[in-house]
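S.K.: Here's the letter readout for the chains.
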Amino acid sequence: MPRVFITGLGFITSIGNDASAVSESLRTLRHGVALFEPFQKDDVPVKVAAPVRDFRLEGVDPEDWTYPSRYTIRREVIRSMAPNGVYAWCAAQQAIEDAGLSEADISNPDTGLYAASGGSPFMLGYLLNRLNTHGVMRCSPLGIVASIAGTLNFNLVAHLRIKGSSCGFSSACASSSHALGYAYDDIVLGRQKRMIVVGAEDCNRESILPFAGMRALSLQKDPNRASRPFDAARDGFVGTGGAAVLILESEDEVARRGTKVYCELVGWGQASDGHNVAISHPEGAGLSGAMVKALRATKMEPGEVSYINAHATSTPIGDLSEARAIKTIFSPSGASPAVSSTKALTGHGLSLAGAMETGFCALAIKEGFTPGSANITTLDPACDGISILRETLPTGPTVAFNNSSGFGGANVCLVLRKA
Amino acid sequence: MPDAVNASSPVSDTSKFVLKPFTPEDEAALRESLRRCAPSSFEAAVQFRRTGNPEHVPAVVIGVIERFVEPDLRSKLKDADDDLRLIEDLGIDSLTMMEIVILVEDVLQMSINNDELRNLRTVGDVKTFIDCKIRGLAVPKPTRFIPIEVIAAVMPMQPPFLFINEASVSSTAANGRYRITGQEFFLQGHFKDNPVMPASIMLEALGQLAVLYLLEGHPAEAGKVINPATIYFTGCEGVRAHRVCRPGDLLSLSIKPKRSKMPLATFEGSIRVGQEKAVMVEEITLTFALMDAPTPPLAPPAPAPEPTTPEPAKAPAPDGSPKTPDA
Numbered sequence: 001m002p003r004v005f006i007t008g009l010g011f012i013t014s015i016g017n018d019a020s021a022v023s024e025s026l027r028t029l030r031h032g033v034a035l036f037e038p039f040q041k042d043d044v045p046v047k048v049a050a051p052v053r054d055f056r057l058e059g060v061d062p063e064d065w066t067y068p069s070r071y072t073i074r075r076e077v078i079r080s081m082a083p084n085g086v087y088a089w090c091a092a093q094q095a096i097e098d099a100g101l102s103e104a105d106i107s108n109p110d111t112g113l114y115a116a117s118g119g120s121p122f123m124l125g126y127l128l129n130r131l132n133t134h135g136v137m138r139c140s141p142l143g144i145v146a147s148i149a150g151t152l153n154f155n156l157v158a159h160l161r162i163k164g165s166s167c168g169f170s171s172a173c174a175s176s177s178h179a180l181g182y183a184y185d186d187i188v189l190g191r192q193k194r195m196i197v198v199g200a201e202d203c204n205r206e207s208i209l210p211f212a213g214m215r216a217l218s219l220q221k222d223p224n225r226a227s228r229p230f231d232a233a234r235d236g237f238v239g240t241g242g243a244a245v246l247i248l249e250s251e252d253e254v255a256r257r258g259t260k261v262y263c264e265l266v267g268w269g270q271a272s273d274g275h276n277v278a279i280s281h282p283e284g285a286g287l288s289g290a291m292v293k294a295l296r297a298t299k300m301e302p303g304e305v306s307y308i309n310a311h312a313t314s315t316p317i318g319d320l321s322e323a324r325a326i327k328t329i330f331s332p333s334g335a336s337p338a339v340s341s342t343k344a345l346t347g348h349g350l351s352l353a354g355a356m357e358t359g360f361c362a363l364a365i366k367e368g369f370t371p372g373s374a375n376i377t378t379l380d381p382a383c384d385g386i387s388i389l390r391e392t393l394p395t396g397p398t399v400a401f402n403n404s405s406g407f408g409g410a411n412v413c414l415v416l417r418k419a
Numbered sequence: 001m002p003d004a005v006n007a008s009s010p011v012s013d014t015s016k017f018v019l020k021p022f023t024p025e026d027e028a029a030l031r032e033s034l035r036r037c038a039p040s041s042f043e044a045a046v047q048f049r050r051t052g053n054p055e056h057v058p059a060v061v062i063g064v065i066e067r068f069v070e071p072d073l074r075s076k077l078k079d080a081d082d083d084l085r086l087i088e089d090l091g092i093d094s095l096t097m098m099e100i101v102i103l104v105e106d107v108l109q110m111s112i113n114n115d116e117l118r119n120l121r122t123v124g125d126v127k128t129f130i131d132c133k134i135r136g137l138a139v140p141k142p143t144r145f146i147p148i149e150v151i152a153a154v155m156p157m158q159p160p161f162l163f164i165n166e167a168s169v170s171s172t173a174a175n176g177r178y179r180i181t182g183q184e185f186f187l188q189g190h191f192k193d194n195p196v197m198p199a200s201i202m203l204e205a206l207g208q209l210a211v212l213y214l215l216e217g218h219p220a221e222a223g224k225v226i227n228p229a230t231i232y233f234t235g236c237e238g239v240r241a242h243r244v245c246r247p248g249d250l251l252s253l254s255i256k257p258k259r260s261k262m263p264l265a266t267f268e269g270s271i272r273v274g275q276e277k278a279v280m281v282e283e284i285t286l287t288f289a290l291m292d293a294p295t296p297p298l299a300p301p302a303p304a305p306e307p308t309t310p311e312p313a314k315a316p317a318p319d320g321s322p323k324t325p326d327a
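If you read the protein sequences in the order shown, they are chains A and B. Per this note's numbering, residue 1 is the first one in the first sequence, and the count goes up by one each step. Per this note's numbering, residue 1 is the first one in the second sequence, and the count goes up by one each step.
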């Protein structure tokens, strides 16, 4: 079976806008949470978010948006984008450069792109409002492709001139992990030699605050304490946005190009809770099922796993489910991989989360560190028996799991191994 | 614009521009809508909204088009004539065309249907179209590109005495091209060992383009068409030859109607080779007569019928393939 490697990374995140800044934040546990200006109103009980620095994507007109000067985006490209598309465009430039890919390497029948975003509620809201107030024929002709759930893949696939596989994934917070899993399959099945995988989300009032209604967001006013997965006093997640882009390539392509690799993507598993539309299974049934499938697919024993980047978003129910799922898989054999949730630093990036955190694992494996789980004052007693990593370790994992769980009870476990 | 256009164009009440009061709020909204356009476009739009005077419309339309053209192509628009092509010359695709239309609709307070956009090919087409909409006139036939087979099929002249290879015809102008091959029979004797295109033949070529205009672009009365067998040359004024034209030269021919009143139509014309003037003609006058339009059973194959189902506005992509938004 052909092997698959991660050869390029790009990040636009709340903890850094390139791989070196992200790596530094992960090592020093520097978080990106802040009081978020759009929330500082009396009728908004949520006060914090983890914004992306150096991007101002606030109005509805993309030509008003500003972004770091190292990137240029032509009007004909940016005009059909939502904010998540701009983040992703910039992260993709990084990843492509990092992997040393030429235009010909990207635009050919053997290179595809899978992407995941929740669309842009902000742009969709504007479009529908204009439709209602100005009339059906007075809406931007590109309003749809700039707003609906596929906006990210529409834009990137077209503007990067992708000619291989392309698809958008929509399993909420598991979306970009699903994208990575199916991108891996495409390479293993010989359908593609190279896949670009993108996760991205807007970071604004409209992308984050709808989660307040389901009481999923932290109401903490202190940015240093808001996102604290596995802490006994956790009270919800902190919203974030941005983009992460990974380049996956077959071992033949890695050998042909003589390119560096971060790590191997060994395989993956997925399973569903069959339980509730928005609440994770109390015993983490789907997530433990995903981990079982991942072990089976990679022919590994639980004792070989050295690190788990948990999905744990800092919600009371979700973190507990994941803790129970991890115990179910690892405790019987006495295995005790280090576990941390980097969402304590980044906040929860929804569709972005899986790709971003797989990128973190790739950095950790390549550079030799294991990121800690920040902001824990009192560890939730439910985590007894799990090696929650409170500080960053100066050694990297040899095998890492990256867990993701999404609405509807979708769960994905990706397996990375030191190359 | 020829008188015949106005005389024969039915006024459509439903599309006629109606002047509404122009409030300070309207002006603020207008300024916001046009904030990426040249200040002159905003001023023209204000004048138009206050007075309803269509003279201000071209400045608004050109300003809006300019705003949507990539900066490196905008210089083309600065000293453009009406033949500048939206797709080929300005890189405007069908979606950008819709962006232009939506802004024009917003600024000029008018509505434009998808069907009406489909054939707008040049800057002149757009200006004429908007002008007619505002005046409540029927929109004239937009510029059509006519290939050699069609030219030969409709023209009374035939090879070896046909001097147009390709042409485009609108209601306001016709443009054509002719490449001097060196195989023209008359070049054997004009002149001895020195083939030069006769100025009289170049005048003939302009006359032929005017004939093509009468047959394909001239607005005729309802139920009538121009009888090709009745078109003849009657006279010309102010003919000047500026440049010797030889085999290999590509002649760019252009005529514009100046006056038209049955049974005469008068045109101005020019021939250029590249940017160089070759022949200028102040007036060429043709005579013509009308006949009843053929009844349907006897009609020659009609141009492609209008689609009966609504569909998104289409303009060919630069590569020539149709480009529509995919659902």
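I should point out that these hints are in silico values taken from the structure, not numbers from a laboratory. Any given hint might turn out to be false.
[To be verified] List of simulated lysine to aspartate or glutamate pairs, DMTMM-like, C-alpha gap at most 25 angstroms:
hint	chain 1	residue 1	chain 2	residue 2
1	A	Lys366	A	Glu63
2	A	Lys366	A	Glu304
3	A	Lys163	B	Asp93
4	B	Lys277	B	Glu166
5	B	Lys258	B	Glu99
6	B	Lys76	A	Glu63
7	A	Lys41	A	Glu206
8	A	Lys163	A	Glu103
9	B	Lys78	A	Glu76
10	B	Lys256	B	Glu55
11	A	Lys163	A	Asp43
12	B	Lys127	A	Glu76
13	B	Lys78	A	Glu24
14	B	Lys76	A	Glu76
15	A	Lys299	A	Glu206
16	A	Lys221	A	Glu63
S.K.: All hints, please: hold or fail.
M.R.: Hints versus structure:
Simply put, A:Lys366 and A:Glu63 have alpha-carbon atoms about 38 angstroms apart, too far for the 25 angstroms limit, and the pair is violated. A hinted pair counts as satisfied when its Cα atoms are at most 25 angstroms apart, and A:Lys366 with A:Glu304 qualifies at roughly 18 angstroms. Our distance criterion of 25 angstroms between C-alpha atoms is met by A:Lys163 and B:Asp93, whose separation comes to about 21 angstroms. For a cut-off of 25 angstroms, the pair hint linking B:Lys277 to B:Glu166 stands: about 20 angstroms separates their Cα positions.
A threshold of 25 angstroms between alpha carbons decides the hint, and for B:Lys258 with B:Glu99 the separation of about 34 angstroms lies outside it, so the pair is violated. Between B:Lys76 and A:Glu63, the direct Cα distance comes to roughly 22 angstroms. Compliance with the 25 angstroms bound is thereby established for this hinted pair. As the CA atoms of A:Lys41 and A:Glu206 are separated by approximately 15 angstroms, the hinted pair is consistent with the 25 angstroms bound. In summary, the hint linking A:Lys163 to A:Glu103 is supported, as the alpha carbons are separated by about 12 angstroms, within the 25 angstroms threshold.
At roughly 21 angstroms between alpha-carbon atoms, B:Lys78 and A:Glu76 fall within 25 angstroms of each other, so this suggested pair holds. Our distance criterion of 25 angstroms between C-alpha atoms is met by B:Lys256 and B:Glu55, whose separation comes to about 21 angstroms. Restraint check for A:Lys163 and A:Asp43: not satisfied, since their Cα atoms lie roughly 47 angstroms apart, outside the 25 angstroms limit. Taken as a hint, the B:Lys127 and A:Glu76 pair is honoured in the structure, with Cα atoms around 24 angstroms apart against an allowance of 25 angstroms.
The suggested pairing of B:Lys78 with A:Glu24 is violated, with an alpha-carbon distance near 51 angstroms, which exceeds 25 angstroms. Taken as a hint, the B:Lys76 and A:Glu76 pair is honoured in the structure, with Cα atoms around 18 angstroms apart against an allowance of 25 angstroms. For the proposed pair A:Lys299 and A:Glu206, the alpha carbon gap of about 43 angstroms is over 25 angstroms, so the pair is violated. Between A:Lys221 and A:Glu63 the CA atoms are separated by roughly 33 angstroms; this puts the pair beyond 25 angstroms, and the hint is violated.
Hint compliance for this structure: hints 1, 5, 11, 13, 15 and 16 are broken, all remaining hints hold.
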